[in-house]
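Enquirer: Below are the chains, spelled out letter by letter.
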Amino acid sequence: MIRPIEDMSSVQNPANPDLAASFARYVSHRVPEATDVRVLRLERIHGGASRETWRVHVAFDAGGELQERGFVLRRDPPGSLIETDRATEFLAYRAFQESAVPVPRALWLEEDPRWLARPFFVMEEVTGCESSPQALLAPPLAAHLEHVGEQKWRILGAIARTDPETAGLAARLEAVAPDACWQRELARWERVLDEDELCPQPIGRAAIRWLRRHPPPPAQRISVVHGDFRTGNFLVSPDGTIRAVLDWEMCHLGDPLEDLAWSLNRIWRWARDDRAGGLLPVPRAVAIWEEASGLRADPAALRWWELFASVKGLGIWVSSAKEFADGANHDPVLAFTGWWLTNSQDRAILETLGRLA
Amino acid sequence: MKPDVDRTLQLLAQSLLLELGPGLANDYAQKSALLAALLLSSAAEEWDRAAERRAEENRALRELFRAVTERGVEDAALRDRLDAAARATDASLRVSELERANAELRALLIELHAHVEEVATPDAREIEARIWDELRRSTERRRLSMQPF
Numbered sequence: 001m002i003r004p005i006e007d008m009s010s011v012q013n014p015a016n017p018d019l020a021a022s023f024a025r026y027v028s029h030r031v032p033e034a035t036d037v038r039v040l041r042l043e044r045i046h047g048g049a050s051r052e053t054w055r056v057h058v059a060f061d062a063g064g065e066l067q068e069r070g071f072v073l074r075r076d077p078p079g080s081l082i083e084t085d086r087a088t089e090f091l092a093y094r095a096f097q098e099s100a101v102p103v104p105r106a107l108w109l110e111e112d113p114r115w116l117a118r119p120f121f122v123m124e125e126v127t128g129c130e131s132s133p134q135a136l137l138a139p140p141l142a143a144h145l146e147h148v149g150e151q152k153w154r155i156l157g158a159i160a161r162t163d164p165e166t167a168g169l170a171a172r173l174e175a176v177a178p179d180a181c182w183q184r185e186l187a188r189w190e191r192v193l194d195e196d197e198l199c200p201q202p203i204g205r206a207a208i209r210w211l212r213r214h215p216p217p218p219a220q221r222i223s224v225v226h227g228d229f230r231t232g233n234f235l236v237s238p239d240g241t242i243r244a245v246l247d248w249e250m251c252h253l254g255d256p257l258e259d260l261a262w263s264l265n266r267i268w269r270w271a272r273d274d275r276a277g278g279l280l281p282v283p284r285a286v287a288i289w290e291e292a293s294g295l296r297a298d299p300a301a302l303r304w305w306e307l308f309a310s311v312k313g314l315g316i317w318v319s320s321a322k323e324f325a326d327g328a329n330h331d332p333v334l335a336f337t338g339w340w341l342t343n344s345q346d347r348a349i350l351e352t353l354g355r356l357a
Numbered sequence: 001m002k003p004d005v006d007r008t009l010q011l012l013a014q015s016l017l018l019e020l021g022p023g024l025a026n027d028y029a030q031k032s033a034l035l036a037a038l039l040l041s042s043a044a045e046e047w048d049r050a051a052e053r054r055a056e057e058n059r060a061l062r063e064l065f066r067a068v069t070e071r072g073v074e075d076a077a078l079r080d081r082l083d084a085a086a087r088a089t090d091a092s093l094r095v096s097e098l099e100r101a102n103a104e105l106r107a108l109l110i111e112l113h114a115h116v117e118e119v120a121t122p123d124a125r126e127i128e129a130r131i132w133d134e135l136r137r138s139t140e141r142r143r144l145s146m147q148p149f
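Top to bottom, those sequences are chains A and B. Number 227 in my numbering belongs to position 227 of the first sequence; there are no gaps in the numbering. Number 48 in my numbering belongs to position 48 of the second sequence; there are no gaps in the numbering.
Please note that a few of the clues may not be correct.
[What the hints assert, rightly or not] Ranges between beta-carbon positions, derived for each pair:
id : chain 1 : residue 1 : chain 2 : residue 2 : range
1  : A       : Ala117    : B       : Ala91     : 43 to 51 Å
2  : B       : Arg141    : A       : Ala117    : 27 to 35 Å
3  : B       : Asn26     : A       : Arg118    : 14 to 22 Å
[Claimed, not checked] Selected chain A positions facing chain B (in silico; Cβ < 10 Å):
id : residue
4  : Leu19
5  : Ser344
6  : Glu351
7  : Leu353
To be clear, the hints were calculated from the coordinates, so they are not data collected in a lab. For each residue, glycine too, the CB sits at the ideal point set by N, CA and C.
Using the sequences provided together with the hints, build the complete structure.
Expert: Structure (structure tokens):
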């Protein structure tokens, strides 16, 4: 949304003048009618260790009218939690615009490093929302948890229901047969463990062997899989409405149960009770998803994907620990996840396999 | 070292959390400081137990390997390595040395676990149960008070 600047007292000098100046030049390039482009505010947003995320407010003259526009810039970092394809994330945002799945408006994908030294993409800013689980669980948003939960799994059902072909994603994402989804994903995350583990992972390896011995049924349909759909990866407005689903960098085609299982994983039960995502009892979340997706969450198949979700989680935490230890990325969130979540994820594996008691 | 290392780390964490962090200029820096404070606090918790938990686990794994070799392992090469590991001891209480030995022992545990899963005998099931019990204990030893689960 472009709006005239009414109150210049809110303007802050950007803390990173080089990036600010470069971004202003890029906006001039992308918005030819804009003149005198200036970055008023440039703030790094915490989290999203897979990419640097910046909030940028820009002012410019457009046909004699001074306007201000808010952007979110997602720039490739020197190192990241997961090696992802920025184009995939950008395309996913584009695919779900004007759909039942709320997303920020994706504007520009730029892979030429001459602009900001590293590839990036730009979205419109969604304002006045919270995403952190801690903010959701505290007043005043805590009063809306049930409502947020109902939307969360309804939206996830809508993602599962989306036809990848119609959404324009089938041609851009790697195809997979219904009976091959589990093998491809398991092989992918086993490879991450092989390449990134800093020490042996006997619990994760035992889980992988179990998953191979007990394959799930073929996917009911090939769906768009968000890949990281969890509390913390969507924006909620003060009235408890989910305004945008974020972090599509692990989006792929696959079994929709993969997303459901990830959303239910023990690690995301932020309220430290049995509520999935800190929001709803698991059976309720599953029932909402089933209704919205038109699919059935077969308990045995869902259990397979829940165990797989913990292997995938372990892969992410092990990778984050390696990124930090290698010195490629100093964001403390990488060490934090390596220290805290690796063991939690191991315990989640034990719980799923009935080996924790 | 006085003040004690764990006490020092806890106080630094408090200072970062309550005094230095809130004074930082932007949200990203404040949240990074918060995470750094939580990491310092976890480091303080780990400091006091670091050598003990590793030495305890190495003993438990060697004892497990000893019990397994006494029952007999069909794979001769694996049996020899289990036997050698069971006979070894930790010569140093340096955390880095204990950690190195722990990594070797846990890698061998993975091999043993995969092996017994393929053997259909009551003995194998009993060994497997012991392995799962040890894996559960390993998560208790590593558990940090602030971790989510």
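Enquirer: Would you mind marking each hint as holding or not holding in the structure?
Expert: Verification of the supplied hints:
no. : hint                               : verdict
1   : Ala117(A) to Ala91(B): 43 to 51 Å  : holds (49 Å)
2   : Arg141(B) to Ala117(A): 27 to 35 Å : violated (44 Å)
3   : Asn26(B) to Arg118(A): 14 to 22 Å  : holds (21 Å)
4   : Leu19                              : violated (13 Å)
5   : Ser344                             : holds (4 Å)
6   : Glu351                             : holds (8 Å)
7   : Leu353                             : holds (8 Å)
Hints 2, 4 from the list above are not met by this structure, while the remaining hints are.
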